[in-house]
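K.L.:
Sequence:
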Amino acid sequence: MLNYNSYRNYIRKRFGKPVLKIPINGGFNCPNRDGTKSGNGCHFCDNLSFSPAVKNICSPVEQLKTAINRASGFDLFIPYLQPYSNTYGPVSLLRSIYEPLLEVPNVIGLALGTRPDCFTEEIFAYLDELSARTFLSVELGLQSSHDSTLTLINRHHTFADFVSTVERLADSGIETVAHVMLGLPGETAEMMAETAQRLSMLPVSGIKIHQLMVIQNTRIHQWYENKIYTPLSIEMYAELLGDFLCRLRPDQHIHRIMADSKPEYGLIAPSWSGDKNRSINYLHEYFRKTALVQGSVYRRKTGLE
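Read left to right, the sequence shown gives residues 3 to 307 (this note's numbering).
In short, the hints are calculated from the structure, not lab data.
Note that the structure is predicted; figures quoted are calculated from it, not measured.
A portion of the hints provided could be inaccurate.
[What the hints assert, rightly or not] Derived Cβ-Cβ restraints for the label pairs, each shown as a range:
id : residue 1 : residue 2 : range
1  : Asn219    : Thr136    : 37 to 43 Å
2  : Thr190    : Ala69     : 15 to 21 Å
3  : Met203    : Ile59     : 26 to 32 Å
4  : Ile110    : Ser273    : 35 to 41 Å
5  : Glu287    : Ala162    : 35 to 41 Å
6  : Phe17     : Asp130    : 17 to 23 Å
7  : Lys264    : Asp130    : 38 to 44 Å
Glycine included, every Cβ here is placed at the ideal spot set by N, Cα and C.
Based on the provided sequences and hints, a complete structural model is requested.
P.N.:
What follows is the structure, encoded as structure tokens:
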């Protein structure tokens, strides 16, 4: 039994059977890489990925159908528009991407990865309409609740941007997921704990948590080479992650507890990021040995125990 409220269990209970979430490239851009806010992107992103290679990718519907045909053991599917900012554009563009995906048989909803500053009133209105007829989850890149950190890693949005967007979406009953990184430059354990506490007080439905990875050709890579930044060991990450989970609300579903990559995809460090199964097992064993349970600190602080 897991010591945290996993997304897999949550989504299965909601729909009564396993649901496969399928990453889709919708061909969207990002204001932090197209020059609107910055042309350099976030400091943890690989700038080589900023080349316009989307034209070589098949359509979102073709990607989805191919993945469904390869899937085994699943009858229900949620396309997840993942790369870049998938609410960045006029509503007409969003409709042209979203609606055909929802028409594919056995698709029961949609997940959108985006930034908290990529919304207009017209987009909010469309998402309101969309959520009234299908399952909708909006995943917002936050990384940290500390504006000083967001400035340091070149995010070009604030925590206040995140809060206002989450509250607006929650008012319409739309599920939101916060993406958070542990081990960002300059962040102390106390700062990471504060991010968890802040998220526990917001109408955030789910959390994606992972370690900061050093990826080739990024500013973080430069800092790593110059010994300005040191990535987390898995032992330290386990401690920080455990503390983070304890401070969240028990009902907030956890979409992931780490990220993984490979050297062939640009991974430089930490090396344990390249062995997902072994690292996940280590984290689960750490939770078991320490008897850490999601929401335990939150319950004490709010008097729910």
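K.L.:
Does the Cβ distance between Ile110 and Ser273 fall inside 35 to 41 Å?
P.N.:
Given a distance of about 38 Å, which is inside 35 to 41 Å, the answer is holds.
K.L.:
Just tell me: holds or violated, for the beta carbon distance of Lys264 and Asp130 against 38 to 44 Å?
P.N.:
holds (40 Å)
K.L.:
Can you tell me whether the CB distance of Met203 to Ile59 sits inside 26 to 32 Å?
P.N.:
violated (39 Å)
K.L.:
Does the Cβ distance between Glu287 and Ala162 fall inside 35 to 41 Å?
P.N.:
Distance hint for Glu287, Ala162 holds at roughly 38 Å.
K.L.:
Tell me if the beta carbons of Thr190 and Ala69 are separated by a distance inside 15 to 21 Å.
P.N.:
violated (41 Å)
K.L.:
Has the hinted range 37 to 43 Å been met by the Cβ atoms of Asn219 and Thr136?
P.N.:
With a Cβ separation near 38 Å, Asn219 and Thr136 satisfy 37 to 43 Å, so the hint holds.
K.L.:
Take a look at whether the Cβ-Cβ distance between Phe17 and Asp130 falls inside 17 to 23 Å.
P.N.:
holds (22 Å)
In this structure, the earlier hints numbered 2 and 3 are contradicted, and the remaining ones agree with it.
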